[in-house]
Amino acid sequence: MTTPNEGTRGVTGGQRPLVSSLPAFFSVENLGISFGGVRAVDDVSFEVSRGAVYTIIGPNGAGKTTIFNLIGLLYPASSGRIVFEGQDLTGTSPHRVAELGIARTFQNIELFEHATVLQNLLIGRHRHRRTNLWQELLYLPAVRRAELAQREAVEKVIDLLDLQHYRDSLVAGLPYGVRKVIELARALATEPRLLLLDEPSSGLNPEETDDMAYWIEDIRDGLGITVLMVEHDMNLVSRVSDRVLALNEGRPIAEGTPAEVQSHPAVVEAYLGGGDD
Amino acid sequence: MLARIAAPSEGGVVISQFVQLLLAGVAQGCVYALVALGFVLIYKATETVNFAQGDMMMLGAFFALTAGTFMGWPYWVTILFAVASMALVGMLIERIVLRPVLGYPAFTVVMITIGVGYVLRGLVTMMPGWGTETYALATPFADKVINFGGVVLAVQEIAVIGMTAALCLVLYLFFRFARIGVAMQATSQNQLAAYYMGIPVRRVNMMIWGLSAGVAAFAGILLAPFTFVHSNMGYIGLKAFPAAVVGGFGSVPGAIVGGLIIGVVEALSGLYLPEGFKDVAAYVVVLLVLLVKPSGIFGETATKKV
Amino acid sequence: MRFFFKTDYAQDLRIARHGGHVFWYGLLLAVLVALPLFVGEYFLTQLHFIAIYSIVGFGLMLLVGFTGQISLGHAAFLAVGAYTEALLQAKGVPFLISLPTAALFSAAVGVIVGLPALRLKGIYLAIATIAFNVIVEEIITRWEGLTGGNSGLQVKDVVLLGQSVESPTAFYYLCLVITVICCLFMINLLRSPTGRAFVAIRDSEISASCMGVNLAKYKTMSFALSAALTGIAGALYAHKLAFISPEQFNLFVSIEMVTIVILGGIGSLHGAVLGAAFIILLPQGIAIAKDWLPPGMAPTGLQAVIFGIILIAFIIFEPLGLYGRWVKVRTWFQLFPFYRRGMFKRQKTYTKSERLR
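From first to last, the protein sequence lines stand for chains A, B and C. Position 124 (the first sequence) corresponds to 132 in the working numbering; numbering is contiguous. Position 13 (the second sequence) corresponds to 14 in the working numbering; numbering is contiguous. Position 310 (the third sequence) corresponds to 381 in the working numbering; numbering is contiguous.
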């Protein structure tokens with residue numbers, strides 16, 4: 009059910025932010041950005057409740073990864089705002105977003121190639137750092153204690169994702185499937201409250217995708233982390249998602265449970281095309 | 002560049018001095034432009050920054066010296082000889098030193114070119130007959146002046162500007178009507194894909210180096226009457242980097258424009274600013290440009306898409 | 072390759088990971104301390120330079136090898152350190168204060184360079200550092216009232232706690248202690264969060280910032296630390312040379328400094344020391360080679376030619392540098408007779424545009 013949206017945007021497919029009495033855990037309101045005249049993200053609004061898995065789907069070029077980049081403040085949106093746990097993220101920087109407890113994975117794998125897996129994960133612990141430069145230069149006992157604590161935290165993630173075998177390997181030279189897992193591990197190592205997964209199953213075979221599904225469920229149920237996901241694999245989407253948002257050409261076209269969205273006529277049209285081929 | 006004292010004429014001492022200085026600055030700028038052009042060509046093709054461009058210019062000047070002054074050949078034959086010889090040297094350098102490091106990170110390749118510069122300088126000083134002496138290159142424009150509205154202008158400087166323009170025209174026609182331009186772009190952005198497209202990447206690279214070295218030799222010949230030919234004359238080539246940045250790194254017209262700007266700024270700061278500023282003028286300008294608009298006048302910025 | 076069993080996390084944190092490390096580095100330290108008893112004065116003076124250049128190597132390694140930035144103008148920081156030390160000493164400031172001050176002042180200059188450099192990468196950063204070097208050199212030359220301009224400055228021997236450090240042996244111990252301290256600082260840095268942040272910036276700035284690394288802060292910090300180390304080296308350099316002038320800190324010196332890092336092997340502290348030793352001892356070797364030149368060839372250019380050829384040869388044939396070669400040799404011995412030639416082979420890569428990084 010859609011209600012008319014105020015403003016100049018018009019009625020078709022417009023989304024009104026869900027009104028609730030409690031502030032949402034994470035919400036995006038009227039987000040928009042243009043790249044050289046092309047409106048890549050157009051008036052996107054949605055809310056994610058704490059502890060849920062919220063998935064964004066849409067054909068290629070629909071603006072999904074752009075939304076992630078906007079949330080992570082890699083570049084500023086031209087309109088709208090992003091609110092996380094009551095805090096407006098507008099105008100902050102990527103590292104500040106990470107400090108607040110939002111972590112992300114990258115569609116095209118942005119790992120630290122010339123470092124070991126362990127070092128990659130330890131960098132994920134950066135926001136939990138409590139020592140300063142002078143302490144580290146002298147390697148005071150406080151630093152040693154902090155390092156051991158970080159190591160233990162990282163080992164928990166390694167155990168969860170079965171990466172023990174790769175601990176000391178350099179990332180460059182590891183197979184693609186393992187790197188996707190390391191991306192996930194690194195994001196988990198930051199102990200986020202909100203995890204952004206950008207196409208976690210792309211490039212994975214069915215078994216690896218199955219593992220990924222279990223892990224996402226574990227993350228939500230066992231670790232209590234809220235997940236915001238971009239995905240193409242509709243099986244995975246139906247299996248793990250609580251709510252789904254469908255985008256097309258930067259605009260939202262449907263929102264609801266996986267079943268509702270998958271059967272929504274606008275979604276079917278966007279994926280299969282309006283005319284005949 | 003030697004600044005000439007103007008002959009006093011009605012009401013125009015300062016103006017004539019200014020014009021002469023401007024001309025000298027433009028002529029010097031042409032040399033910077035050519036050196037910058039040379040390594041922008043290499044950069045566009047292979048994303049290598051050639052720090053040896055100035056030394057290649059120096060070697061080209063020495064080839065010209067040998068042909069023109071030592072062996073007495075006519076000026077235009079000297080130019081052809083020097084450019085052709087240097088083109089060969091450039092291709093050799095690419096083949097021997099740069100091809101093995103195809104695929105290495107840009108920084109290491111830069112260091113290799115720095116090494117090449119050292120080798121060229123050292124070899125020139127070790128050559129019997131060249132050594133560390135300073136030589137004059139015979140040109141048909143030496144000591145000729147023309148009187149233009151009361152201002153005395155050196156023909157040599159006008160010749161530099163004219164010859165630079167001619168070369169630019171030749172290069173423009175070459176790139177406009179040859180497929181090598183597109184091939185260059187492809188290899189500079191993604192070598193593997195270029196290979197798949199059937200572009201003979203290694204041969205294209207070699208030709209670019211040859212072309213670039215030829216342009217450097219040409220620049221050396223134009224510069225020789227002003228700084229004379231000696232083994233350290235390549236140091237001027239360093240100023241071509243600010244020129245390329247100002248114009249927009251990776252842009253061929255940018256290299257030319259940038260070179261001219263640097264040449265003129267240098268000349269004017271020699272006149273109006275206290276001593277010592279002339280030497281650093283180019284570097285101050287480039288720092289300012291890098292702070293304000295690193296992509297320069299004609300350059301484009303590109304960021305990574307994640 | 073050594074296989075050893077780890078029993079707790081603390082073991083991974085230690086500097087000396089296992090018994091072998093402790094033994095060999097301990098031995099090295101003992102040899103270094105006992106060295107003046109065995110070697111002549113000339114070799115000691117060479118060691119002075121090697122120590123100083125090692126510190127330079129550490130500084131540059133931090134910036135280039137570990138944080139992935141470029142600096143072709145680091146001689147400027149050497150100059151700042153040298154002149155600060157010289158001027159402070161002339162005013163009677165004790166060494167134990169003037170040395171840290173030189174380091175701090177260099178660090179401040181490093182911040183000045185680092186801040187605008189935040190937006191610059193690759194060749195732009197390289198050109199900016201070259202410009203910076205030239206400008207600093209010019210400022211020192213023009214500010215004659217302070218620096219003596221081209222006529223240079225005399226620098227007296229170090230006066231440490233009232234004692235004048237005159238003899239080569241005494242200066243050697245001073246350099247040795249400072250070098251070891253700098254080395255320890257570097258090691259500590261690399262096994263701490265800050266060091267990891269540097270490495271993250273080197274490999275992927277975007278994902279480093281998404282992991283919470285404040286790019287501006289850490290890049291600037293890297294420049295500052297690198298400058299501080301180079302400033303310390305500069306201070307010792309001033310005392311070593313006893314006379315400093317602007318032309319000793321020009322672009323060619325900067326390039327020499329980068330060569331240390333490349334020859335030694337980017338990304339390793341051992342490399343800095345090995346590279347420094349190589350650079351210092353190279354002219355000696357060349358001087359010997361001069362006798363073999365055919366007549367008619369002037370020997371002046373030989374140093375440049377050999378320097379260039381060695382630089383090129385190392386990059387092409389030994390990209391891991393001297394330390395890499397050492398590791399290969401050591402591995403050969405350790406694995407004998409099972410060493411395979413392809414063990415360290417670089418995977419062939421195709422150049423992708425680094426403009427989009």
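Hints were generated in silico from the structure; no laboratory data involved. Check each hint, because a few of them may be wrong.
With a Cα cut of at most 27 Å, we get these calculated DSSO-like pairs of lysine-lysine [what the hints assert, rightly or not]:
1. C:K192 <-> B:K45
2. C:K77 <-> A:K164
3. B:K294 <-> C:K311
4. B:K294 <-> B:K279
5. C:K288 <-> B:K294
6. C:K162 <-> C:K311
Now the hints, each set against the structure:
At most 27 Å may separate the alpha-carbon atoms for a hinted pair to count; K192 of chain C and K45 of chain B meet this at roughly 17 Å. Between K77 of chain C and K164 of chain A the CA atoms are separated by roughly 18 Å; this keeps the pair inside 27 Å, and the hint holds. For a cut-off of 27 Å, the pair hint linking K294 of chain B to K311 of chain C is broken: about 42 Å separates their Cα positions. For a cut-off of 27 Å, the pair hint linking K294 of chain B to K279 of chain B stands: about 23 Å separates their Cα positions.
Straight-line distance between C-alpha atoms of K288 of chain C and K294 of chain B comes to about 22 Å, which keeps the hinted pair within the 27 Å bound. For the hint pairing K162 of chain C with K311 of chain C, the CA-to-CA distance comes to about 19 Å; that is within 27 Å, so the pair holds.
Of the numbered hints given earlier, the model fails hint 3 alone.
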